[in-house]
Structures are given as structure tokens and as C-alpha cells.
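Q: With the hints as your guide, set chain B onto chain A.
Chains as they are written, first to last, in the working numbering: chain A, 1 to 112; chain B, 1 to 113.
No lab work stands behind these hints: they were computed from the structure.
No more than 25 Å apart at the CA atoms, straight line, and that leaves these computed lysine to any residue pairs for SDA-like:
id : chain 1 : residue 1 : chain 2 : residue 2
1  : B       : Lys42     : A       : Asp82
2  : B       : Lys42     : B       : Lys78
3  : B       : Lys42     : A       : Asn19
Beyond 12 Å from chain A on every Cβ pair, some chain B residues (computed):
id : residue
4  : Gln11
5  : Gly16
6  : Glu18
7  : Asn52
8  : Ile79
9  : Val112
10 : Thr113
Ideal Cβ placement from N, Cα and C applies to all residues, glycine included.
The primary structure of each chain is shown beneath.
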Amino acid sequence: LAKTTQPISMDSYEGQEVNITCSHNNIATNDYITWYQQFPSQGPRFIIQGYKTKVTNEVASLFIPADRKSSTLSLPRVSLSDTAVYYCLVSERGSGYSTLTFGKGTMLLVSP
Amino acid sequence: EPEVTQTPSHQVTQMGQEVILRCVPISNHLYFYWYRQILGQKVEFLVSFYNNEISEKSEIFDDQFSVERPDGSNFTLKIRSTKLEDSAMYFCASSATENSPLHFGNGTRLTVT
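Bound conformation, chain A alone (with noise of 0.2 Å):
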């Protein structure tokens, strides 16, 4: 399983755009790239999925350069109740995702 690396912490404002990039330098070929959100004492909930290029939905957009080494979850004018742990994930797609390991994800603190 490919391993992720991404920043323990962020701070950010109210309507600001936030950038986490995840990194992922053994990522095989068919691997798909997952952002999830958990909130205090809830289960994580799916955000966005990738394998290259950019994909957007109506909650972030997800960037994926050529080499797909790493990724970047975009949320655009984030608000408080974006505060939240985001976790990176790389599965094989057809593996099953029981295969999905999550690490210590990334904690983003939304100010006013």
C-alpha cells in the first residue's frame, strides 16, 4: 500500500481557499487517490476521489499533477464548521476498500 504524507496541522480563516497537499511517491498505477473529513465523534465522511488531472464536486476540488506523487484538496472560502480532521487515502481500485488505511490525517482550524 502506497503511504501518504501530509501536514499534522493547518490554520486558515473564514472565506479563505485551502490548499492540503498530500504526498504519495510510491503511488502504483492503479491507484485512486480519496480525501475523507471526520468530525469530533463522528465516523469520516467522503469528500472527493481521483486518479489524475482535477476533479471538482460541489464540496472541493481535487488536483493531481502528471506524475500523481502527490494531491492537493482544494476547499474553496472555507467556513468554521470546515474545522475538522482530513485524511488522505490511496486504495487499488478492485482491491476492495477494506483496503483503505487512514493515517493521522491532517487537523484544519477554521478562525473567524
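A: Below, chain B without anything else, positioned relative to chain A:
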């Protein structure tokens, strides 16, 4: 939006007792999972379940643990003889297909005294 529901939200039990944690996955999902998170630590995979059998399990999922889908809607995790170190948040998750993202419930906080 459909969601995974877990009961109870908090369970307190004495060491050595059996506990059953219950989950109702999203109705059209076919793949089911249990994860746990000890306070302040990472979310850890326990077991995955498909077609009425375990498809994968971690080394945490020893003989004290078992899972069951007793009917068409429930998915349960049983711990036969709880230990202090079993205290954690236990999350159930489900997915529609093997490749779909997981949808997690809000967990059961298990406290073993």
C-alpha cells in the same frame, strides 16, 4: 441522503462481558465494514463482509470478534469477552460496490470498565 445508522451511540460494559454493536447499512449497499478508533488515534480497519462472509480481516480482528448479518438490514459486530483495550469508537461502513467510496455511520463509543 441515505445514511448508515449505528446503535447504541454509547455502550458501557464490564471487562469480560459480551457486547453486540449494531449497524443498519444503506439499503442498496452490498459491502459492509467495521473500523475502530481508539481515542486520539487513527481509524483502524477491522473487517469487511460481502455475500454473507468475511472477505478480509485485520490482525486486530481475533477470535474474540465476530460479525453477522442476521437479516436483510442489520450488520452486527460481537465482542465475546471485552478487554479494557477494546474501549474505542466503533464505526460501521457500507459501500454499493467494491470500488465505491465507503459511507460511515457515526459510531458506537464502547467503554470497557
